[in-house]
Amino acid sequence: MIGPHPARTAGTVFVVDDDPSVRRSLERLVKSAGWAVRTFSSAEELLQEDLLAADRACLIADVHLGSMSGLELQAELNTRAPHLPVILTSGLDNPELELEACQLGTVTFLRKPFEPGALLGWIRKALGEETSPSRVAI
Amino acid sequence: MIRAVVRDLDAVRSLMSSQMVVAIFLVALLVSLHTRLRQQDFHKWWIAGWTMYALFLGLGRLALAFPAEWTSVKTTVVFLTTLVGFLMVPPLIFGAVSFRRPGSITRRGAQGAFVAAAAVAIAVFLASLSYQSIPLLSFSLRHAPRTLFLSAALFFCGWVFFDRVRRTGSRAALVTGVSCVAYAIDQSVYTGAQLSVLFGGPAAATAEGFGRANLMATAALLYLDLALMCGLCLGMVLLLVEEHRLAEEALAESTERYQAERTIRVSDQRFAAVFRSNPCAMAIMSLEDDRFLDVNGSFERTSGFTRAELLGRTTLELGMWIDETERTALLARLMVDGRFQAAEVRFRQKSGRTAVVVFSAEIIELGGERCVVFAGVDVTAIQEVEARHKAILQALPDWVFLTTSDGTFLEFHARDQRHLIMPPADFLHRNVMDVLPHELAVRLMNCFSQALRSRQPATVEYSLDVGPERRFYEVRAVPSDPNRVLSLVRDVTDQIRAEQRVRELQQELAHTGRAMALGALTGSLAHEINQPLSAINNNAHAALLLLEMAPLDAVALRETIADIVSDNQRIDDVLRRLREMLRKERRDYALVALNSIVTDVLALLRSSFIERRIVVELAMEPELPAVYGDRVQLQQVVLNILMNAADAVSAMPDAAGRTLTVTTAVAGPTVSVAVADKGVGVSDENLARMFDPFFTTKPNGMGLGLSICRTIMDAHGGRIEAARQGEGLTCWFSLEAARHREATAAMEHRPLTAAAVSAREFGA
Chain H
1 MIGPHPARTA
11 GTVFVVDDDP
21 SVRRSLERLV
31 KSAGWAVRTF
41 SSAEELLQED
51 LLAADRACLI
61 ADVHLGSMSG
71 LELQAELNTR
81 APHLPVILTS
91 GLDNPELELE
101 ACQLGTVTFL
111 RKPFEPGALL
121 GWIRKALGEE
131 TSPSRVAI
Chain Z
1001 MIRAVVRDLD
1011 AVRSLMSSQM
1021 VVAIFLVALL
1031 VSLHTRLRQQ
1041 DFHKWWIAGW
1051 TMYALFLGLG
1061 RLALAFPAEW
1071 TSVKTTVVFL
1081 TTLVGFLMVP
1091 PLIFGAVSFR
1101 RPGSITRRGA
1111 QGAFVAAAAV
1121 AIAVFLASLS
1131 YQSIPLLSFS
1141 LRHAPRTLFL
1151 SAALFFCGWV
1161 FFDRVRRTGS
1171 RAALVTGVSC
1181 VAYAIDQSVY
1191 TGAQLSVLFG
1201 GPAAATAEGF
1211 GRANLMATAA
1221 LLYLDLALMC
1231 GLCLGMVLLL
1241 VEEHRLAEEA
1251 LAESTERYQA
1261 ERTIRVSDQR
1271 FAAVFRSNPC
1281 AMAIMSLEDD
1291 RFLDVNGSFE
1301 RTSGFTRAEL
1311 LGRTTLELGM
1321 WIDETERTAL
1331 LARLMVDGRF
1341 QAAEVRFRQK
1351 SGRTAVVVFS
1361 AEIIELGGER
1371 CVVFAGVDVT
1381 AIQEVEARHK
1391 AILQALPDWV
1401 FLTTSDGTFL
1411 EFHARDQRHL
1421 IMPPADFLHR
1431 NVMDVLPHEL
1441 AVRLMNCFSQ
1451 ALRSRQPATV
1461 EYSLDVGPER
1471 RFYEVRAVPS
1481 DPNRVLSLVR
1491 DVTDQIRAEQ
1501 RVRELQQELA
1511 HTGRAMALGA
1521 LTGSLAHEIN
1531 QPLSAINNNA
1541 HAALLLLEMA
1551 PLDAVALRET
1561 IADIVSDNQR
1571 IDDVLRRLRE
1581 MLRKERRDYA
1591 LVALNSIVTD
1601 VLALLRSSFI
1611 ERRIVVELAM
1621 EPELPAVYGD
1631 RVQLQQVVLN
1641 ILMNAADAVS
1651 AMPDAAGRTL
1661 TVTTAVAGPT
1671 VSVAVADKGV
1681 GVSDENLARM
1691 FDPFFTTKPN
1701 GMGLGLSICR
1711 TIMDAHGGRI
1721 EAARQGEGLT
1731 CWFSLEAARH
1741 REATAAMEHR
1751 PLTAAAVSAR
1761 EFGA
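Those sequence lines, one after another, are chains H and Z. Just so you know, the working numbering puts 108 at position 108 of the first sequence, and the rest follows in order with no gaps. To convert, take the position in the second sequence, counting from 1, and add 1000; that gives the working numbering.
Everything labelled a hint here was simulated from the structure, so no lab data went into it. By construction, the Cβ of each residue, glycine as well, lies at the ideal position given by its N, Cα and C atoms. Wrong hints could be hidden among the right ones.
Derived Cβ-Cβ restraints for the label pairs, each shown as a range [what the hints assert, rightly or not]:
#1 Glu45/H x Ala1619/Z: 43 to 53 Å
#2 Ala53/H x Leu1591/Z: 58 to 68 Å
#3 Ala1520/Z x Glu115/H: 25 to 35 Å
#4 Leu1552/Z x Ala53/H: 28 to 38 Å
With the rest of the complex left out, here is chain H (with noise of 0.2 Å):
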């Protein structure tokens, strides 16, 4: 199941995070599956980018985030770019933000640390590459 893939790159992910350890290593997981990968330690400098320029994308945010929280970034893509699938991640066992996020229509809250295999399985349903897996969490 976990393989390269490097034929596929007609996808594009987006990683929001402020710790540059986390980012870096979502950089290389998602790279090492075959996708291109850009990365953005806030969300105000991901909100810069052009985001309905990209073709097949998803996004993977954290929720703490320095000003603008990772729910108060999907709220303004749910307006700004509502196709772009959004996958939350957090450090915190915090139920709430998991019911605010689904509330916003996440495709899926992840609790760090979450299992690889099933943030890549959730990336390729987010870029309608399969059928949805089984949730994984811890």
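Given the structure of chain H, go ahead and fit chain Z onto it with the hints provided.
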């Protein structure tokens, strides 16, 4: 013949002069007798008599100088001579009478005698005038009666003096008496000669008669006169001596009597004074009927009764005895021994209170009556003080030792001697240095000499192995007088153990506080670990995918593994800090850099602050001096202050409101850490109670965090405070910088901390 007469007349004149001088001397002696000794009529009369004799001799000598014719001057002189010659007789007789029986001469009798003598003198003179032509006859007419009277008077005087000799054996009286009688005989011879002239008729009054009468003028007779005069003088001198001796004896006797009287008077006065002003209660009671005869002021005060209430009444009537059998016993002792001493008796005062009186009594005789004198001291107050001291000693858990300044044990008090470390016989009257271990004895002696020198209590603490366990003692030495020290020794083992227990409990409480604080952080701490853990997972998964790719991208793989290692380190760091803060055991104080503590704590709080979007601004003094302390406990204080501040600002809407400023600073010897917020602030009332245990404004708070912080700061000798600043609150704690603290500690020879005190003193 004429020449012989003339020659004889010259001799008569000079002998008369000599006699006069001796007479004057005799008068002088009498005057001195009169003035120096007892003033007696005898002296007075004889002074008069012999003065007249001296006058007679002087006038007689003058008369002899005149020529034969009777001029008016010669007549006057002769008259006066005759008058004086007669007038001298009564005083001599009066003198003798007074000598025999003083005061027996009346004024009238004396006047009569003088008048009679003067009358005779005038009559004789007038008769002699009619025989002017026959000088010898005229002379004899004048002088025969005079010498007759004089000799009679002198015989009388002689008899009086002999009578005195017979009665007292006075030598003066003997000499005077002999002189008087001899003089009387002498005068009788004159009388005889003159009478022979008178009765020899005119023939006798001629030259032949003169020849016989010449006898009277012979030098021999006049020399005898002179000698007898001297005899009288000798008699008077002896009388003077005797009188003087008698006077001295009388004086001595009277002085003695005076002294005796005075002694009695003084001793009476002394007794009265002693009785009146004696601080002892004194009373005199009749032995016969037991009634009070006299009491002093102290007795009134001691008994409570007034003098008027006491006098004439008995102790039984006044109900003064608490136990009347005591009275019976004391009375029996008094009757047997005549006295008793220092009997301690309880008396009832007028007010009904009991007074303890120690008193003595003695039977004495006063004005012929047998009385009892009581003297007592009210020892009620003294006994009360003694009883109080005894009670205080009894109540003291301490052992009390009295030692000399050189350390010899004199006395001791112990409520229970079984707790002494050695039996009293092993240390009493022995020296500290011989009884106790050397090091301890030296410390005790230092303590004693310090107390004596400063006249202030001095303390020393020590421990001894007593049986199987080590016990702790505290000695307080107080100088009781310049040469002795009173030391109170207290077994403080239980107290020391309790203090140790308190310290342990404080440690536990602090630990609990830390655990609770970290418990509140569980979520954000999990986040702190979840972040790197998540990164590690991603990286590991990516590494596996990279390994399957060909060609192998070694660079990417190495970077991936390096990230895994570094994220692992991140987790390690978090766990290390957590472990450290949750450690329970006590650590020794060490040098601590407060800046690193702030950094460490902020690392633990990072996730929590990120989650709550709290911004921390740091203003750290880069040259902050180190402090002495327990690193974990100081971290706990910083953690609590920061979490408190975060709670205060997390509800603020804007980022500025959610900003905390952490400042570290140094001011003089003090290092401080302050956390300022712009949060909701607190009321005055809450500010005052912020550090009290169980005080909280949070719905789920226990109110222990800040109170534990205060306990920690107290143990560190520091302070924790809070003050409002604008809208928000600033909370800070301060500590003495380690280098400064070391310096002061070295200067004062003071241990660094309270914990170190007991550790050092007790060698624990």
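Looking only at beta-carbon atoms, does the pair leucine 1552/Z, alanine 53/H fall within the given range of 28 to 38 Å? With Cβ atoms ~34 Å apart, the hint holds.
Consistency of beta-carbon spacing, glutamate 115/H to alanine 1520/Z, with hint 25 to 35 Å: Since alanine 1520/Z and glutamate 115/H have Cβ atoms about 29 Å apart, the given range 25 to 35 Å holds.
Note whether the CB distance of glutamate 45/H and alanine 1619/Z lies within 43 to 53 Å or breaks it. 29 Å, violated
Using the Cβ atoms, figure out if alanine 53/H sits within 58 to 68 Å of leucine 1591/Z. Cβ of alanine 53/H to Cβ of leucine 1591/Z: about 60 Å, so the range 58 to 68 Å holds.
Comparing the model with each earlier hint shows a violation of hint 1 alone; every other hint is respected.
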